[in-house]
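Undergrad: Single-letter residue listing:
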Amino acid sequence: MIVMVGLPARGKTYISKKLTRYLNWIGVTTKVFNVGQYRRDATRSYNSFEFFRPDNAEAMKIRKACAIAALKDVCDYFTREQGQVVVFDATNTTLERREVILGFAKENGYKVFFVESICDDPEIIAQNIKQVKLSSPDYKDCDKEEAVADFLKRIECYKLNYIPLDDNKDRSLSYIKIFNVGSRYLVNRVQDHIQSRIVYYLMNIHVTPRSIYLSRHGESELNLVGRIGGDSGLSPRGAKFASALGAYMRGQSISDLKVWTSHMKRTIQTAEALGVPYEQWKALNEIDAGVCEDMTYEEIQENYPEEFALRDQDKYRYRYPKGESYEDLVQRLEPVIMELERQENVLVICHQAVMRCLLAFFLDKTARELPYLKCPLHTVLKLTPVAYGCKVELVFLNVEAVNTHRDKPENVDVDREPAEALETVPDHI
Amino acid sequence: MMRGCSRTRLTQNQGTAVCMTNCPTLIVTVGLPARGKTYISKKLTRYLNWIGVPTREFNVGQYRREFVKIYKSFEFFRPDNEEGLKIRRQCASAALNDVRQYLTEEGGQVAVFDATNTTRERRETIVQFAEQNGFKVFFVESVCEDPDVIQENIVQVKLGSPDYTNCNTDEAVEDFLKRIKCYENSYETLDEVLDRDLSYIKIMDVGQRFLVNRVLDHIQSRIVYYLMNIHITPRSIYLCRHGESELNVNGRIGGDSGLTPRGKAFGKKLSQFIQTQGISDLKVWTSQMKRTIQTAEALDVPYEQWKVLNEIDAGVCEEMMYEEIQDHYPLEFALRDQDKYRYRYPKGESYEDLVQRLEPVIMELERQENVLVVCHQAVMRCLLAYFLDKTAEELPYLKCPLHTVLKLTPVAYGCKVESISLNVDAVNTHRERPENVEVSRMSKEALLTVPAHQ
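Residue numbers (UniProt numbering), protein chains in the order written: chain A, 1 to 429; chain B, 1 to 454.
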């Protein structure tokens, strides 16, 4: 159980959602339980900060009941839904509340890791309120100034009884304290691998505004003839795309843009056209199709009809003989994601399967959806973090290209007809 | 670049003198004597070099020993010993000079400046030095008040120090404790407020707690992650290869074959060996290839499969004999002999790639305690090179014979290795670097060092 601690508007929900998204992507089933959500469901409509006054006994009862209800659902998630990690997102600012949680965890045999966010920079808090509180259901009928004033009073209600994690009294607990959006951290008693990964992740994320550009290489010779994998160069249209990409990126006027490619010719050739320094990552290489490298889908159907069907049955976990699966890809892309979190403006020139994995991370797509995400050639996806998620802009650079997206066919049985298997294969030479 | 296999392609020089991510890093240790600074320095240096970041440590105590030649007593370190202070300052300067040379002229990327650096004044000098030279500074402070830990440190690494070669244990311990006292009065720990603009990690009580401030870049973030994962709990790491496989016997590389009868016999012997070691809570890891899994099965204990422990991918040469490789790809074969570490099989991997994919294994090995890793020849060479601090040149030629377990036990600043052959015969799979590595060589010269096989 990851237990958030902190006053309102300290980024707890931001951290909760981001961490959950990361853990799910690397294959650790995780879910957020936001107690504020339970409160909204229980009270039907929000009146004012008065609800949060520490002397409001009626409200206190409701709030405690909400926390208990959330904890019960946590239990269900762990036992019935096979969840591995829960993020318990609430202020948890009193010793008493944290004791309740620790007791609950002990009873059920859960490990607890606290994540406390401490921030006294009024600008950051104001920015938080603007980004995520004004649009909250609590304030949908208020004007901006009213909402801000009310929310600040709400924070004051919590401040009275806020007891941060104490370096002495809480020294037997496992926790990380994040100060001022990551300029300083205090880490105590990391117990195991997953806590160590969580700490590493939390220490690498930031909130500086920036954009991440994802794109595939320009159309390649093998793309044109419907062959997968391989290491071919760009087609004439692909080269045209590379120039267009250069023009587009220049138009974005980004200071200090980093450009990353794989080690394969087609991404390198694309980057070359940009005329700026770029870094090659082997980890960005396209998924290894093993024995099916350089084949057309028709050839795969002819030579490996069973494998072809198995792949359609579970495209995420299926591993090409002597090759890789999407699941393997995610594991090898994890360092790329970690470095993307650390960086600011980055353009990643990669491949279809790779781009699907990266996109799934940013847009919180499931393992089922991931292998079917649409990542067409000659289209740049501009991702800009906003509020609790990511804004996506699709920018097609007006250079025609072959379609390489094969949808899941209706019939995925091993005994299907070739025609059924090849139904969704996109056109090619 | 630090990721080991990515290359930055530079076009025009931007012309700025601003400190970019590629500027060298100076890691500066801070702490009283016997707080593990040298242990951390050496370990960190070993790790960074292994992942491909040229790193060197500079131990100021070493400079002092070379200058002063004979250590008399703790009196040298008394804060009122003018002569001593002068020498110590000179040694620090000399060391910093060598740091500058290493980072600017010798291609070093990280230098670890290992000294007590317990005063703010000394640290300020270092920060200025770094600024003048365009180095980033990252402090690593070790704070520990546990007398048991300090005692253990003294026993493990101080008693064997050249300073105390002519002392008996009790004298040495007594003198060293007085030495620590000399530093205590002037010790200014990194302060959350006064030092808030510095980049540092403060390690408290041997990794119980950490304070991390202003991590500036990727390498600092990796260093922090590493330091937060290491521990000093005594344990052993057992490395071995799978039992002899069918392809081994035929002199073929790669592939995914099963064990030979002798290979299976090794599995049984391995099981017996592990039992005699009497280890509580042993973790067993294998790759996802048949031969390691079959070997682990014989142990009859739970084991975890890691895809990243799979043998090096020989690409187009998979399942070939060396004779066939020479026949079909004589050029590639020669290129490999020229630079076995960096050479990448067509559609395959290099040792350099292997190291990168094994890094999470190393990180997890650091976190764990007793572990048995059942893997493959090239993989084992990479892991062994990490523990024994072997260079990229040596790594691909490390001897990792079949049916032999290497037991690694951390001790003092390094690793004790015990090589245990389990007395089950196996084919030899170790091919030495031949004399002639020229592309123009004769087949015979290329195949000179190929081990015998069926």
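Simulated from the structure, these hints should not be mistaken for lab results. Since the structure is predicted, the reported quantities are computational estimates derived from the model, not experimental observations. We treat Cβ as the ideally placed atom computed from N, Cα and C, and that holds for glycine. Keep in mind that a hint or two might mislead.
Below, computed lysine-lysine pairings styled on DSS-like, alpha-carbon distance capped at 27 Å [claimed, not checked]:
(1) B:283 / A:265
(2) B:158 / B:181
(3) A:322 / B:181
(4) A:322 / B:290
(5) A:282 / B:347
(6) B:340 / A:282
(7) B:307 / A:315
(8) A:365 / B:181
(9) A:265 / B:340
(10) A:315 / B:290
Some, not all, of what chain B presents toward chain A, calculated at C-beta under 7 Å [stated by the list, open to error]:
(11) 69
(12) 210
(13) 212
(14) 213
(15) 216
(16) 221
(17) 225
(18) 229
(19) 283
Quick list of simulated restraints, FRET-style, between CB atoms [unchecked claim]:
(20) B:187 / A:275: 36 to 46 Å
(21) B:187 / A:102: 33 to 43 Å
(22) B:67 / A:167: 37 to 47 Å
(23) A:27 / B:67: 30 to 40 Å
Undergrad: Does each hint hold? Answer for all of them.
TA: Quick rundown of the hints versus the structure:
1. B:283 / A:265: violated (41 Å)
2. B:158 / B:181: With Cα atoms ~16 Å apart, residue 158 of chain B and residue 181 of chain B stay inside 27 Å; holds.
3. A:322 / B:181: Given pair residue 322 of chain A, residue 181 of chain B is violated - Cα atoms ~62 Å apart, limit 27 Å.
4. A:322 / B:290: holds (13 Å)
5. A:282 / B:347: holds (12 Å)
6. B:340 / A:282: Answer holds: residue 340 of chain B to residue 282 of chain A is near 18 Å, not above 27 Å.
7. B:307 / A:315: holds (18 Å)
8. A:365 / B:181: violated (59 Å)
9. A:265 / B:340: Holds, at about 23 Å.
10. A:315 / B:290: holds (23 Å)
11. 69: Hint violated; residue 69 of chain B Cβ to chain A Cβ min 43 Å, cut 7 Å.
12. 210: Status holds, d = 4 Å.
13. 212: holds (4 Å)
14. 213: With a minimum Cβ separation of about 5 Å from chain A (threshold 7 Å), the hint on residue 213 of chain B holds.
15. 216: violated (10 Å)
16. 221: holds (6 Å)
17. 225: holds (5 Å)
18. 229: With a closest approach of 6 Å, the residue 229 of chain B hint holds.
19. 283: This interface hint is violated because 11 Å lies over the 7 Å limit.
20. B:187 / A:275: 36 to 46 Å: violated (54 Å)
21. B:187 / A:102: 33 to 43 Å: holds (36 Å)
22. B:67 / A:167: 37 to 47 Å: holds (41 Å)
23. A:27 / B:67: 30 to 40 Å: violated (55 Å)
In the structure shown, a violation is registered for the earlier hints numbered 1, 3, 8, 11, 15, 19, 20, 23, in ascending order.
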